[in-house]
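Chemist: Each chain, letter by letter, is given below.
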Amino acid sequence: MLTLVTRDTTGYEASSADAPVSTDELLVRVSHGDQQAFSDLYDQLSGRVLGLITRLLKDHAQSEEVTQEVFLEVWQNASRFDQNRGSAPSWILTMAHRRAVDRVRAAQSSRDRDTRIGIRDFETEFDSVTESVEIRIEHERVSRALARLTEFQRQAVTMSYYGGYSHSEMAAMLGVPIGTVKTRLRDGMIRLRDEMGVTS
Amino acid sequence: MTDRPDDLGIMTGSFALDAVDDEERAGMDAALLESAELRSEVESLRETALLLAYATEPIEPPRDLKAALMAKIAATPQLPPLETPVASGPASDTTGREARHAPAAHVASSVGAAESTARRRWFQRPGALLAAAAAVVIVAGGGFLGGNLVNSGSQNTGSPQASTSQSSSAQLDKIYAAADFERTTTPVTGGGTATVVWSDSLAKSAVILTDVKSVPSDKTYELWYIGAKIVPAGTFNTARSGVTTTVLTGKKTKDATVGLTVEPAGGSKQPTTKPIVAVPTTATSTSSAERANSSDPPGGSGASSTPPSTASSASTGESSATSSDVASGVSGAASSSGSTATGQTATVQTPVVGGSVSAGASGVGVSASTPAGVGADASVGSSGVGATVTTPLGTGVDAGVSGSGTSVGVQTPLGNVGVQLPTLGR
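Chains as they are written, first to last, in this note's numbering: chain C, 1 to 200; chain U, 1001 to 1426.
You may find that some hints are simply not true.
With a cut-off of at most 25 Å between alpha-carbon atoms, the simulated SDA-like pairs for lysine to any residue come out as follows [as the list claims (entries may be wrong)]:
| hint | chain 1 | residue 1 | chain 2 | residue 2 |
| --- | --- | --- | --- | --- |
| 1 | U | K1066 | C | N84 |
| 2 | U | K1066 | C | T183 |
| 3 | U | K1251 | U | A1265 |
| 4 | U | K1072 | C | R103 |
Only some residues are given here: those of chain U computed to face chain C with a beta carbon under 7 Å [to be verified]:
| hint | residue |
| --- | --- |
| 5 | L1008 |
| 6 | D1021 |
| 7 | L1033 |
| 8 | L1038 |
| 9 | L1045 |
| 10 | L1052 |
| 11 | E1057 |
| 12 | E1060 |
| 13 | A1067 |
| 14 | A1071 |
| 15 | Q1078 |
| 16 | V1215 |
| 17 | G1227 |
| 18 | A1228 |
| 19 | T1253 |
Covered by chain U, according to a simulated footprint, are these stretches of chain C (three or more residues, beta-carbon under 8 Å) [as the list claims (entries may be wrong)]:
| hint | region |
| --- | --- |
| 20 | 30-42 |
| 21 | 47-57 |
| 22 | 93-106 |
Hints were generated in silico from the structure; no laboratory data involved.
Every residue, glycine too, gets a C-beta built ideally from N, C-alpha and C.
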């Protein structure tokens, strides 16, 4: 396929900003060096990215720093994004989570977090007012699905995803064999998947 | 703790939640390549984990975060095949920073096997992607510093004149800085991409290969200017991974096609294999009226502000329909003569499958033989190409290659070669 791409040394491309553009499309434009598309993409997703990272890191300054790293990575790696393999938000949030986890684990000194993270913490963490109906619904959906897990599964899943703990760390903290944690994570995630109707 | 291999099966949840360490992740990555079942489970659990992300409350970042970021990306090169110029100065700023995250050895190992990496889902190897990104940044930034990264092609025996490697990075900078700078990016058969940059006013061009496999030591990559004659333009091999930039030796004639072949070590006087890259360096005619003055005949200095010819605009237009089942798409305008080509700017991206051949209106540039592992389709792209394209392809060309699809006999000195004719005109 021949694609004609206007080259512009500033990196700005004429993007028809009239119609709302999907984040996937934006990311494709970003891969062509379109800074305006990057700006739009950032506007749409930075809140989610910072929200997720802050959930893991707590510290706002650090979270903002990691958010910036994530978006810089988005800029650099945009060409590696493949729409067939997931949406742009998935791609970016996956990177964000991974970076946040790396950061959390690197900062051993700040590892004095509550080890008893579970569904209750998940709820209280989310206590603040959210205007977005969409996110409320999403949150409720996840809450409901989490409620269907066993206490142990829930704890393991939330500790790892929102706490950034590795399964071996959790095994040590909880005083159970690592195989047990792995099983809890897997069974918990499969249960969650089935509860939430995720197909892949 | 158990560390049996069959443990991987119960690690899918941990993996999807990023609850594994680096070593475990590597083990899992490897296992995922082997097992479709495992892959499918991991994919679905990854999707599930994302719902956990969606359930967290967004936090609006402060405004200055965006301002800082926008400034940063403006100075940060992207991973090819992106269209951001491999900028020199600012790129170096990010280099050191990123380098900390990705030691060179790690980079080489993680992106070395381009094919296997490519088959992996993006989410399986964020680390590798990171490393790859860093590698490119390093190379992009360092390419202007390290002579080994910017090849001069000077070791080529078949090449009449060789630029010194000392000056090649300076030449590359000049090309980028030229008013009539042009660029085309094209995928390379066997993996990777090739970006050809050129300037007619300088009569120079360079090829930037990204993630293109190295050839064995008894082989070399060789560049060619394919015009009225086929002129060797230097040999090189690619780095094990990342980006290899080579400034072609000699002078680029207007509308010459830049070709890349695999040749026996030491290079050949004429191509002996089919080009894996063939990019016409024809000025395109789709934008930037302010660049109209830059089209000069090779070596010329006058300003000829000829408006875009019909021929060239037609041929750069929407050719996309043709290439799905055609061996290759060939980019660029095949303008009818040098006098009508303009120095205007556009980037044409074109896949090259199975090696492509392009012919400018001068009817040149044909591949005939196929290096092992490269597809057997030859193709000729040209607007208004006749049924016969005569090529001055020289020695050692195998004539036994036949294309599939809309084959047209192409006369070469060595016999008939089946070619594909992508319809470049609208």
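Chemist: Can you verify the interface hint for D1021 (chain U): is its Cβ closer than 7 Å to any Cβ in chain C?
Modeler: Hint holds; D1021 (chain U) Cβ to chain C Cβ min 6 Å, cut 7 Å.
Chemist: Hint L1038 (chain U) vs chain C: min CB-CB distance below 7 Å?
Modeler: violated (12 Å)
Chemist: Below or equal to 25 Å on CA atoms is what counts here, so check K1066 (chain U) against N84 (chain C).
Modeler: Violated, at about 29 Å.
Chemist: Given E1060 (chain U) as an interface hint, is the shortest Cβ-Cβ distance to chain C below 7 Å?
Modeler: holds (5 Å)
Chemist: Counting residues of the region 47-57 of chain C that have a beta-carbon nearer than 8 Å to any beta-carbon of chain U, does the count reach 3?
Modeler: Result for this restraint: holds, n = 7.
Chemist: Next pair to validate is K1251 (chain U) with A1265 (chain U); report whether the Cα-Cα distance is within 25 Å.
Modeler: holds (23 Å)
Chemist: At a threshold of 7 Å, is the proposed contact between A1228 (chain U) and chain C supported by beta-carbon distances?
Modeler: Violated, about 25 Å.
Chemist: Holds or violated: K1072 (chain U) and R103 (chain C), Cα atoms, limit 25 Å.
Modeler: It holds: about 21 Å lies between the C-alpha atoms, which stays within 25 Å.
Chemist: Can the region 93-106 of chain C be counted as covered by chain U under the rule of three residues or more with Cβ-Cβ separation shorter than 8 Å?
Modeler: Since three or more residues must qualify, the claim that chain U covers the region 93-106 of chain C holds, with 7 doing so at under 8 Å.
Chemist: Hint validation: A1067 (chain U) versus chain C, beta carbon distance must be below 7 Å. Holds or violated?
Modeler: Constraint on A1067 (chain U) not satisfied, violated at 10 Å.
Chemist: Checking hints one by one. Is L1052 (chain U) an interface residue toward chain C, by the C-beta closer than 7 Å rule?
Modeler: At about 5 Å, which falls below the 7 Å cut-off, the nearest Cβ of chain C leaves the hint on L1052 (chain U) intact, so it holds.
Chemist: Is the interface hint for L1045 (chain U) satisfied, with its Cβ closer than 7 Å to some Cβ of chain C?
Modeler: holds (5 Å)
Hint check: violations occur at hints 1, 2, 5, 7, 8, 13, 14, 16, 17, 18, 19; the rest are consistent with the structure.
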